[in-house]
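Chains A and B supply the protein sequences, listed in that same order.
Per the UniProt record's numbering, residue 1 is the first one in the first sequence, and the count goes up by one each step.
Per the UniProt record's numbering, residue 1 is the first one in the second sequence, and the count goes up by one each step.
Hints are supplied without guarantee of correctness; some may be wrong.
[Said to hold, decoys possible] If we take Cβ atoms under 8 Å as the criterion, some of the chain A residues that face chain B in the derived model are:
#1 33
#2 138
#3 140
#4 218
Please keep in mind that the hints were generated in silico from the structure rather than gathered at the bench.
We put the CB at the ideal spot given by N, CA and C, even for glycine.
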Amino acid sequence: MAEEKESKGEKKYKYSIIIPTYNERLNIALIVYLVFKHLRDIDFEIIVVDDGSPDGTQEIVKQLQQLYGEDRILLRARAKKLGLGTAYIHGLKHASGDFVVIMDADLSHHPKYLPSFIKKQLETNASIVTGTRYVKGGGVHGWNLMRKLTSRGANVLAQTLLWPGVSDLTGSFRLYKKSVLEDVISSCVSKGYVFQMEMIVRATRKGYHIEEVPITFVDRVFGTSKLGGSEIVEYLKGLVYLLLTT
Amino acid sequence: MKHIVKILSLLVAISAFWIGLLQAAVVPRTHTWLLPIYFVVSLGCYGLLMVGIGLMQFPTCPQEAVLLQKDIAEAKDFFKHKGVDVGSD
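Next comes chain A alone, as it looks inside the complex (with noise of 0.2 Å):
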């Protein structure tokens, strides 16, 4: 196997999990668990940043550290709630990996995914491969009707707007070329999941090639919830902006 690989002229890489946590003590010993189950042969590292969690995340991962070791898992926690977008940032710059891939804490954005995005990225070559609900193959479970609608109606709002050239706009369950991540970052304003959205439109934007892999997502299993507020009204001030911005 090595053999063919060298012959192959394969290089190993390596890749940075960035998952931001914030209370979520349970959720992310299970990712964990479940990313060293599903990454067995590949040269990995995950970096859990806790936004200054009340109820023990950081303790728990210092467990997890002991168990798996430090130079797999790396705690680079901040004092407080500072926002999603900076938790990556702050991910990034302790990042040693060739590709970065981000995801969920809550268990929505299931690690057995991880090989189907590596494999994609492998074969295309791709800057990003971001991961898509909404094709055959992926799917949402715990969704009602009105959830789904507004789901739907958004994406299509979004795609005769933005011309985005991805269908889910609004996951974050993506892998990076890193210096692609960095790029993009760099250029990102919004908050919540419209920066999510903003990453992808801008890296559309620049022409980085993109590529979707199918991804279910259970919603909520555990943890409590961290959306809240009137989210139509952010979700289109989110839309304008993109449009007049990108």
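Using the hints, position chain B against chain A.
Same frame as chain A, now just chain B:
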């Protein structure tokens, strides 16, 4: 070029075509005046159609919830034997 510029150029091109139609009077003027309304309405209908189709074809994965529960149980069991405290909330 910025995306909004692309969209605006498209709108300008369509408007120029519409004004051209008005002046040339190839199609009766009364029809031509109504064209923008037809355009907006068809765009709206197309949007609603896409939403409806998308909603009907919305991929779901109920089996994934079951698989996830299995994975969670497997992980919890693993950690119990390794002394990592992952008692449920």
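Hints, one by one, checked against the model:
no. : hint : in the structure
1   : 33   : holds (4 Å)
2   : 138  : holds (6 Å)
3   : 140  : holds (6 Å)
4   : 218  : holds (5 Å)
Of the numbered hints given earlier, the model fails none.
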